[in-house]
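In our numbering, the protein residues as written are 3 to 579.
No lab work stands behind these hints, which were simulated from the structure alone.
Be aware that one or more of the hints could be misleading.
[To be verified] Simulated pairs of lysine-lysine, DSS-like, Cα-Cα distance not exceeding 25 Å: (1) LYS365 to LYS296; (2) LYS292 to LYS304; (3) LYS130 to LYS24; (4) LYS516 to LYS171; (5) LYS480 to LYS122; (6) LYS440 to LYS111; (7) LYS485 to LYS111; (8) LYS251 to LYS234; (9) LYS268 to LYS574; (10) LYS333 to LYS353; (11) LYS546 to LYS529; (12) LYS478 to LYS546; (13) LYS353 to LYS440; (14) LYS171 to LYS264; (15) LYS171 to LYS268; (16) LYS171 to LYS388; (17) LYS516 to LYS130; (18) LYS445 to LYS365; (19) LYS133 to LYS516; (20) LYS91 to LYS68; (21) LYS307 to LYS373; (22) LYS268 to LYS284; (23) LYS516 to LYS25; (24) LYS304 to LYS209; (25) LYS540 to LYS565; (26) LYS304 to LYS375; (27) LYS245 to LYS209; (28) LYS388 to LYS209; (29) LYS478 to LYS516; (30) LYS516 to LYS268; (31) LYS130 to LYS229; (32) LYS122 to LYS365; (33) LYS229 to LYS284; (34) LYS133 to LYS480; (35) LYS304 to LYS364.
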Amino acid sequence: MPKIAVLNVFLYTYVMIRGVLKKAIKKAVTSLELEIEDVHLEHPAELAYGDYSTNVAMTLAKQVGKNPKELAEEIIRYIVRNKPEEVEKVKVAGAGFINFHLSQEFFVKSIEEVLKQDDKWGSNNSLKSQKTMVEYTDPNPFKEFHIGHLMSNAIGESISRIIEFSGAKVKRANYQGDVGLHVAKAIWGFQHRGSTSVLENSSELGKAYADGARAYEEGEDVKEEIKGINKKVYDRNDDEINKIYDDGKKISLEHFEEIYKKLGTKFDEYFFESEAGPIGKKLVEENIGKVFEKSDGAVIFKGEKYGLHTRVFVNSEGLPTYESKDLALAKIKSERYDYNKSIVITASEQKEYYQVVLAVMKKIFPSIAEKTKHITHGMMRLPSGKMSSRTGDVITAESLIDEVRERVIEKMKDSDIDNKEDIAEEIAVGAIKYSILKQSVGKDIIFNMDKSLSFEGDSGPYLQYAHTRANAVLEKAKVENIKIQTSGVYIIEGAIELEKLLYRFPEVVERANKEYEPHYVTTYLTKLAGAFNSFYAKEKIVEKSDTAPYKVALTEAFANTIKNGLWLLGIKAPDRM
RNA sequence: GCCCUUGUAGUUCAAUGGAUAGAACAGUCCCGUCCUAAGGGAUUGAUGUAGGUUCGAUUCCUGCCAAGGGCACCA
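Working from the sequences, and respecting the hints, build out all of it.
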């Protein structure tokens, strides 16, 4: 992982090319005695339109009753008087856009910066000295770790890294449901399977849960029986149940750790519903009459008063529900880590539920509520519909990784690299994570084994492959003793797009951080890798020529950028594949 | 019924209110003496629907249609 250190100030002045342009535009506008709040700057879709573009002339034209193109010309005249050195030319285009073309010197200088900043390239300081806790993955012991958890993990891990790269200290948190009805269902199912020991294998647990869940729906007697088990788990007063419970929990958690290792997540803090339960119950009881009220033997929060749902916090059995546990969790978290911000990542089906929890939190712990941000991601669904561990209609994370890895190994059959198995797993996990992180966080993914996972084009392996190619070029340059050089200014036909994309990386990271959207990084990297692959196809990089040292420098800048970018996505960048 | 999401090529996804709506996969056609062809190049093809706001709408607003999610003792 790149070391996050305090970056020195001059690096920042570099990143601020955007700021330089905005300032120049604003100054020009002010000189014309016009006013503008925020200068909108964007990268035109077409490289031919330049590197940055602003629409100020069009937005201001109406105010002053001028033709936008003429106004743009006037603004440009002022900009040109004090033209920033990074700018080569400024032109009017289209309906009145002002397009900035940056100089070749700027691009060369930005390559130097990429190399100089090395593993810090792309990072920023916007969250300096902030402490953030990010909760994600949240699987439940006694249930399967399925591809929905994989989704939460991929997104949570990437958001954590993006936040870290923006200067914050991040604690990764995992909240696991080790008590509650689902556990009782699994225990009931286990007892009725005739299995003697949970320790034999953990796959029994998933099936046991499915059995219990089905029986719970089907018969009133079983329902009561399972509720009884639930109470016993909570009270810990039955030796047989305690044994199944303790072994089952242990096995589940060990299994989860294996998966986290494969996925590249290392949690700092673990929280359990069993610890949140009693605290939640107490919190609710202390606030009956103030926040909560009794209804049909349960303690509820009347969310309807606030346009939300009414929900049960302590059920009529006297047991705390998920709602009160989540409330307690917020308190426990804040006691364990003095954070400025707490981010909770769950599937979108919990969106309205969590709003109720937040509404309660606002009343009981207003300062915590203010620091809490709930991010919901879409659901991973199967072509057949919603995945359900109750019916056993699930794809486990492990089986998915295994299957994809087998396909990768098949593709690598002619390869002669040493640690094929490990690399295959890195590629498999990369492919899976990419398919999750390539789209915006809130959207559902209809998961189809054949269609969702690609090794070509818009895919994780495409990025990894581009990185290994660059790596191979650098190896060769080393062997042929070609030293990196950025002192001359060369126009390399096949490198223009690459040059024009590399310097944008820090902007992309900033935006991904601001909006909690890793897919900006994904999209950018894919475009960047495409530019590199074109460059690679058009230009011979390692050769005996004047431009070779610069082309090698470009290659290294690319390798460095994609390496840092893949890290942000939580995808490994193998040297060979 | 009420509330929340989402509707973009055949498919999976992009697009900060801007310029000719980008990619990838699939289809058709090229590229192998050369640093890894998991690659490069060319080509066919899309904004659910009806209005509104705006100099400009895939993006904002409203209606309709469609899909998904949520709505008291599950998590």
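Output the numbers, in ascending order, of every earlier hint that fails for this structure.
6, 11, 16, 18, 22, 24, 29, 31, 32 and 34
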